[in-house]
Structures are given as C-alpha cells and as structure tokens.
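Visitor: Take a look at the letters that make up each chain.
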Amino acid sequence: DTGVSQDPRHKITKRGQNVTFRCDPISEHNRLYWYRQTLGQGPEFLTYFQNEAQLEKSRLLSDRFSAERPKGSFSTLEIQRTEQGDSAMYLCAGGRGQLNTEAFFGQGTRLTVV
Amino acid sequence: TQLLEQSPQFLSIQEGENLTVYCNSSSVFSSLQWYRQEPGEGPVLLVTVVTGGEVKKLKRLTFQFGDARKDSSLHITAAQPGDTGLYLCAGEGAGNKLTFGGGTRVLVKP
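First to last, the sequence lines map onto chains R and W. When we follow this note's numbering, the leftmost residue of the first sequence carries the number 1, and every step to the right adds one. When we follow this note's numbering, the leftmost residue of the second sequence carries the number 1001, and every step to the right adds one.
Chain W extracted, bound-state conformation:
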C-alpha cells in the first residue's frame, strides 16, 4: 500500500509570512499532484509534477518534486488570507489511481 504523509497537519500564520508544506512517502510515484480544498467543496487541482527534481511555480506558490520521486513540497511566499484552505498531495500509483495524503490545513490570518 502506498502511503503519503503530510506535515504539518495544521499551520496558522499571519498574512505576509511564508510557509512550507511537506508530502513524504516511502514509495515512488509516477507523478504527484497538489490540490487545495475549501470547506464543503471538492479539491481543486493546483499542479502536477512528473520529473524527479522538477520545480514548478504558480504565482506565489512553488512546488518541488524530490529527486527520487518519493516526496514533494509546497512553498507559499507572502501568504494571503485567500490562501487559507486544506492542501492535499496525491501520488499516482498503479492502475491510474491517486493516493491522497491526510492534508495540511492552512490558516492565514489578516
């Protein structure tokens, strides 16, 4: 069974601060995706990383895939209240199936 562990589980910061969320596994994934979910809604895809060592930037968000394709990180620069939400990483395993981590709840206070 492929498991993804996210840390921290909860992060509370002030507007303007930076934050990093980690996603770790002992398994290798073909690709890894990051989603953001707001209360009462479904997850929304942010990015997909495929190549080991890959770095992708989406405005103030920077995503990195580990060289061994077992881990990933999401870094937010100058966080804003609109960044508040549940951040989920999901790894692509066998059979076109996504395995999700437990999520990191981020609260950005104004």
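Same shape as in the complex, but just chain R:
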C-alpha cells in the first residue's frame, strides 16, 4: 500500500462532458505527479506539483486539462469537454523530498469516453 488513493477508480462519461478526478497522497508527499497511461504503453507525464506549486505541465496537455493542489495536500485533475482520445488510465503519484524522484503511485482512475 503506497498510501496514495485515487477517486473514482472508474469513470464512464459521454463525449463533451467535464470530469474531475481526485488524488489523496500521504502528508509526507510534498511532490505530486499526474500521469496518463493508455493500453500497452508506459505512463506519460502530465504535470508536477511541489507542495501547492505547479512546477511543470506537459506540452502535450491541451487547455482542456487543468490540475490543482490547494494547500499542498490532495490534488484534482479536471478534463473539460472530454473527447474519445482522452480515454486512458490517469495515475497520480506522490513522492518525498526535494531531490528524490521515487514515485509512489495510486491505483489510478480509468476513464472511458463514449
């Protein structure tokens, strides 16, 4: 158990709808990452927080995606006007320390856009 929980585990939505996912890391995780993984592929970086500051956002991320980490604790990832290509597993990972990049992943949220 990595201590990182994600909600919901599964989400089916119609194309054009907005969806929001939540990630709750443990309190020691000052770093928080969001990744996206499609079937048969490795995780693809989306964005990274150090405490409450969003330090990096992938250039692959369209304006329809936004992430927040208020107060440096839980984080949310919102996708607006979903498209079928957004269907994927969305993974959140926490990490400790400033220089350490070891990531502790949650179980992910599987999004299906129909």
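Rather than coming from a laboratory, the hints here were simulated on the basis of the structure. Predicted model only: the values in this text are computed from it and were never measured. Do not rely on the hints blindly, as some may be mistaken.
So the derived list for chain W, only partly shown, Cβ under 7 Å to chain R, looks like this [what the hints assert, rightly or not]:
(1) P1043
(2) E1092
(3) N1096
(4) L1098
Glycine residues also receive a C-beta, built at the ideal position from the N, C-alpha and C atoms.
Since the structure of chain R is provided, determine the placement of chain W on it from the hints.
Guide: Just chain W now, kept in the frame of chain R:
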C-alpha cells in the same frame, strides 16, 4: 526529449527459466527506476539505481545501470508465475520528472 526504449515488448517463458529486460536511451539520466505493474493497478517501485555500473539485487531480480547511465537491465532468475506483469523503466531527467519506457510485458507460465 529524453526517450527510453524497452525491449522486448513482450516475453513469454516457462516457470524456472531466466529472463532479461533491457532499457535503452541516447540520453544520460541522473537515476533510473524500475517498476512492476499489474493489470488495473498503478506501478509499484522495485528499485532505483543511481551510479553508473551499479548492480542491485532484490531476491531473484538483478538490476544493472550502464556505466554511462544511459541504459539499464533487469534480470530475473528462475522466474515464477508471480513475476508476471508489466515491467517499466523510468529515467530521472530535468525538473524532477520521470520519463517512462513503453514497458515489457512478462508472462511466466506454470
């Protein structure tokens, strides 16, 4: 852009056999991590290698980081069905970001 290529993409072996998974890049990484992922779950960290030439052992798993810190390998001795899963390598690049390879799916048949 730092890319990691894993080979093979898929490996099917019998219980008791050995296997090796490779992770290669043209870029140098500060460190490299190996993860194992089961269907419907998030990746689980197995090991981190930091120094060029470093070898780490975790029971029947042996991890090696290339001297130039551009490649790594994972060797499993006497594989068991419980070793079945998707093995992912991830390199630490600029900005505390991990870049993942495409993964190697390992199936160990009893």
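Visitor: All the hints need checking, so say for each whether the structure fits it.
Guide: Structure-based check of each hint:
1. P1043: Holds. Min distance 5 Å.
2. E1092: 4 Å, holds
3. N1096: 5 Å, holds
4. L1098: 6 Å, holds
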